[in-house]
Amino acid sequence: MVGMTVSGGSGWSYWAGNDDGWVTNPEPGIFEYGGNVSWAECDFSWENELEVDPGLGFGLSITNTQSFTETFSVVLDVQVPGWSNGTLQGASIGGSVSDTNFDGTASLTSSQFLMNTFLDATSQIELGGGLDVLVSQFAGTATFGPFSTGLSGGSATIIGPQSTQGNLAIQIDFTLSAGDTASFSGGYLVDYVPAPAGILALNGLVLVRRRRA
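According to the working numbering, the sequence shown is numbered sequentially starting from 5.
The hints are simulated quantities; they were obtained by calculation from the structure and are not laboratory data. Just to be clear, a hint being listed does not mean it is correct.
Claimed, not checked - Restraint-style ranges between C-beta atoms, simulated for each label pair:
#1 Tyr196 with Pro30: 18 to 26 angstroms
#2 Thr73 with Gly158: 34 to 42 angstroms
#3 Ile163 with Ala44: 38 to 46 angstroms
#4 Gly108 with Gly170: 41 to 49 angstroms
#5 Gln141 with Val197: 42 to 50 angstroms
#6 Val197 with Pro150: 23 to 31 angstroms
#7 Gln169 with Gly33: 35 to 43 angstroms
#8 Asn40 with Asn89: 19 to 27 angstroms
#9 Gln116 with Pro165: 19 to 27 angstroms
#10 Gly7 with Gly133: 23 to 31 angstroms
Glycine included, every Cβ here is placed at the ideal spot set by N, Cα and C.
Sequences and hints are given; from them, build the entire structure.
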């Protein structure tokens, strides 16, 4: 299964998984996970796809329901069988930020990298450095990316570690303005060497509107 931790810079942290959503097996070797939860600090929804080749595709959305700008860290983690005949890697991420509290502005920034991928707890690929996205229109939306590296024709191309225990993780770090929504889609693909072309389906964006009184 795909485990997800959502943490805030103001000191809170939550975990989300199957108990909060659903899982389906639409075709052999593919598992889809989805759901949504509402916490005091944010609304969070996800639609992830795990391929046992392996690859982890994600579609995420977070609405900052607080009255102040918050820094978020979202970690997706999955365990698959390991192997020792070499690895090839690739990753991508894109998304949008929307003015969902209708005050005419919204912003999303990342001070270092928007996304970092990990294999067996070791950092591998970093994407989206120094991101600064601004919306200055009532109910407007601004997009960013996609940022991509090591992906060609559905296959991974960056040479990684010779062996792996099969622990894949994605960490997304960003700062989001009060009352607004950030959405992300992308994936992290790790291929066997040699391996047939993998297929990594990137999920669509899942938008969550802040509930209004």
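Verification of the supplied hints:
1. Tyr196 with Pro30: 18 to 26 angstroms: Distance hint for Tyr196, Pro30 holds at roughly 23 angstroms.
2. Thr73 with Gly158: 34 to 42 angstroms: holds (38 angstroms)
3. Ile163 with Ala44: 38 to 46 angstroms: At 44 angstroms between Cβs, range holds.
4. Gly108 with Gly170: 41 to 49 angstroms: Given range 41 to 49 angstroms: holds, Cβ gap about 47 angstroms.
5. Gln141 with Val197: 42 to 50 angstroms: Since Gln141 and Val197 have Cβ atoms about 47 angstroms apart, the given range 42 to 50 angstroms holds.
6. Val197 with Pro150: 23 to 31 angstroms: holds (25 angstroms)
7. Gln169 with Gly33: 35 to 43 angstroms: Distance hint for Gln169, Gly33 is violated at roughly 20 angstroms.
8. Asn40 with Asn89: 19 to 27 angstroms: violated (39 angstroms)
9. Gln116 with Pro165: 19 to 27 angstroms: holds (23 angstroms)
10. Gly7 with Gly133: 23 to 31 angstroms: holds (26 angstroms)
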